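> Letter by letter, the chains look like this.
There are 2 protein chains.
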Amino acid sequence: MEKIKCTISYDGTNFSGFQIQPHKRTVQGEIEKALQKIHKGQAIRLYPSGRTDAGVHAVAQTIHFETPLQLDVESWKKALNALLKKDIYIKQAEKAPASFHARFSALEKEYHYIVLNEAELNPFRRNYVYQFPYYLNVLKMEEACKYLEGKHDFTSFSSARSTAKGSKVRTIYEATCKRNGSEVIFTFRGNGFLYHMVRILVGTLLEVGQGKREPSSISDILAKKDRQQSGKTAPAQGLYLWNVIYGAE
Amino acid sequence: MEKIKCTISYDGTNFSGFQIQPHKRTVQGEIEKALQKIHKGQAIRLYPSGRTDAGVHAVAQTIHFETPLQLDVESWKKALNALLKKDIYIKQAEKAPASFHARFSALEKEYHYIVLNEAELNPFRRNYVYQFPYYLNVLKMEEACKYLEGKHDFTSFSSARSTAKGSKVRTIYEATCKRNGSEVIFTFRGNGFLYHMVRILVGTLLEVGQGKREPSSISDILAKKDRQQSGKTAPAQGLYLWNVIYGAE
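Residue numbers (UniProt numbering), protein chains in the order written: chain A, 1 to 249; chain B, 1 to 249.
Please keep in mind that the hints were generated in silico from the structure rather than gathered at the bench.
It is possible that some hints are incorrect.
Because identical chains cannot be distinguished in the list, a pair is counted as satisfied if it fits within a single copy or across any two copies.
Stated by the list, open to error - Below, computed lysine-lysine pairings styled on PhoX-like, alpha-carbon distance capped at 25 Å: (1) Lys232 / Lys85; (2) Lys86 / Lys24; (3) Lys232 / Lys86; (4) Lys37 / Lys3; (5) Lys85 / Lys24; (6) Lys151 / Lys178; (7) Lys85 / Lys40; (8) Lys212 / Lys178; (9) Lys91 / Lys77; (10) Lys165 / Lys225; (11) Lys33 / Lys77; (12) Lys85 / Lys37; (13) Lys212 / Lys140.
For clarity, every value in this text was computed on a predicted model and none was experimentally measured.
Work out the full structure: start from the sequences and follow the hints.
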């Protein structure tokens, strides 16, 4: 068996999220269907670095799968892209060592969240940004971001619906917020993220940007370990899994 | 009765074109449904500057309608946007004189066509550009554009399926082609365009860009007044109705 690692991009708009579900169109479902065709009917399971929710996009998600076939990496890329609809694109296929696992070998993930801060709605961006027409103080949001960097318990910024049992301590290496024309782009880079964490972080930071909270309130929210303390969950369509980083193998 | 002129923008992806059709989602159908709600059940007909096909976008299309209601223009804009889904946006509403007609008063139309000239497919742009991965000589296409400017019979660049009887003579004030990073943007400004004309112009210019035709061949194609002489119809999703220009009223 060979292990194949792929870097993929997808527009999350027309998917019920990443994870396979019966009777729903999912990223995993579409790629596994393509893999099954390539394997002449044999089911092949794929493993992602992590799931993404309905409407969430990926500029560079990583997956792996094992195969009895002997194809070169360019042929894997071509065969999969030929079978997939155009809202998923296999950017790269590589051979990976047996020890590689898309989820467990990941060292770092990077997410971007794009807010379009314009008074008028733009119909072309509706599925790709959060259109927020009100004034935002980016300097205040930048200041608030600094309180997120480092190792913290992010219970307050994880969905109360999360059933995950383990530790909610994560390390954020970078949390930034920049204005680029009418776009406000949030970047989060860390060793892992809890369910809905980036969207709750953004929802809370937007309240800072509107003057509803002080930047320093982020410390208090973290300390309370209570989802009720943080802001709304920002909508899915502004969120992009931007990159997944692995160590040298 | 008051006449209201609106400048609207729409993402053509999820519409079966502009014109109302039974059992299909169309731009006209959606706006007329909203107008009917505002008029408490009374059907209101709207008139566009012209139709657009399925998948074709509008950055600034113009429509008008007549109404017995007395609303200020900001209220028209708000009421319509509140009822419409987010793939149509009313950018501006204005009161227009009785003599105004969105189609017959139009002096000039501008279309843009966007080609994404990159080797790798981009899933986020699939509905908004024509993804063309092969080499394009933009200088040759610019040169070819010059042959299109002026007053010509555009029979060779109109769909053979067109049932329009009248003259196929149109004046193109501007035909240009520019590279902007990996995008190649075609701009056409003229006093009117025939059915599929912009898409056939682009399909033919792309053949010039690939070296399959000489720039000067455009003159011969025009002279022959025969659709068989021109190139393929470029796909709908790269086409934008960019602006409609009216005289001072």
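> Hint by hint, which ones does the structure fall short of?
The structure breaks none of the hints.
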